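Q: Sequence:
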Amino acid sequence: MSEATFDQANLQVKLYDLRREPRLREAREWFSDRFHPQSLDDVMKICPPGSKENAFMRQVLSYWEMVASMSNRGLLDEDLLFESGGEEWAMFQQVKPVLAAWREMFASQKFLGNLEAHCTRLETWRERRSPGSNAAICQVIEQLYQAKQSAKAKAA
Numbered sequence: 002m003s004e005a006t007f008d009q010a011n012l013q014v015k016l017y018d019l020r021r022e023p024r025l026r027e028a029r030e031w032f033s034d035r036f037h038p039q040s041l042d043d044v045m046k047i048c049p050p051g052s053k054e055n056a057f058m059r060q061v062l063s064y065w066e067m068v069a070s071m072s073n074r075g076l077l078d079e080d081l082l083f084e085s086g087g088e089e090w091a092m093f094q095q096v097k098p099v100l101a102a103w104r105e106m107f108a109s110q111k112f113l114g115n116l117e118a119h120c121t122r123l124e125t126w127r128e129r130r131s132p133g134s135n136a137a138i139c140q141v142i143e144q145l146y147q148a149k150q151s152a153k154a155k156a157a
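Each residue of the sequence shown is one higher than the last, beginning at 2 in our numbering.
One or more of the hints may lead you astray.
With beta-carbon atoms standing in for the labels, derived distance ranges [claimed, not checked]:
#1 Ala10 - Gln150: 13 to 21 Å
#2 Gly86 - Asp8: 13 to 21 Å
#3 Glu4 - Glu143: 35 to 43 Å
Please keep in mind that the hints were generated in silico from the structure rather than gathered at the bench.
Predicted, not measured: the structure shown is a model, and the values here were computed from it.
Cβ coordinates follow ideal geometry from the N, Cα and C atoms, glycine included.
Produce the complete structure using the sequences and hints provided.
A: Rendered as structure tokens:
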């Protein structure tokens, strides 16, 4: 385990404070609950250009890409970050089905590349400490999503 510096811990606390900003909190909740595309067509239906939902998607993706970029450059202590989070990994699982299509559309194989590299290291870190945990977390996330969808269907 590495020793986090005061500056690394302080930056992580500042990033956590940004997560608590009301608009970003609303965007993160929307993303978790409603952004589950399987294709670019789904993305356009879920969050059409110019919509509040599109702004939410961009805000969440850019926030986590920024955090990942800082992590990738060593500005954050990975052990400290990985021990106290994981939301970025869960969010990245939601974009995986459309990532290749986005990269093709934007002609950028590096689109969300910082986040992808960061999440790959997080998976490795997690599996070393608790083998099978990534698969278990994916299963729990899917169960929670299905439960929310079922509750929404019953309420409708």
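Q: Falls inside 13 to 21 Å, the C-beta gap from Gly86 to Asp8?
A: holds, 18 Å
Q: Holds or violated: the 13 to 21 Å window for the beta-carbon distance between Ala10 and Gln150?
A: violated, 38 Å
Q: Mind checking the hinted window 35 to 43 Å against the Cβ distance between Glu4 and Glu143?
A: holds, 36 Å
Hint 1 from the earlier list is the only one contradicted by this structure; the remaining hints agree with it.
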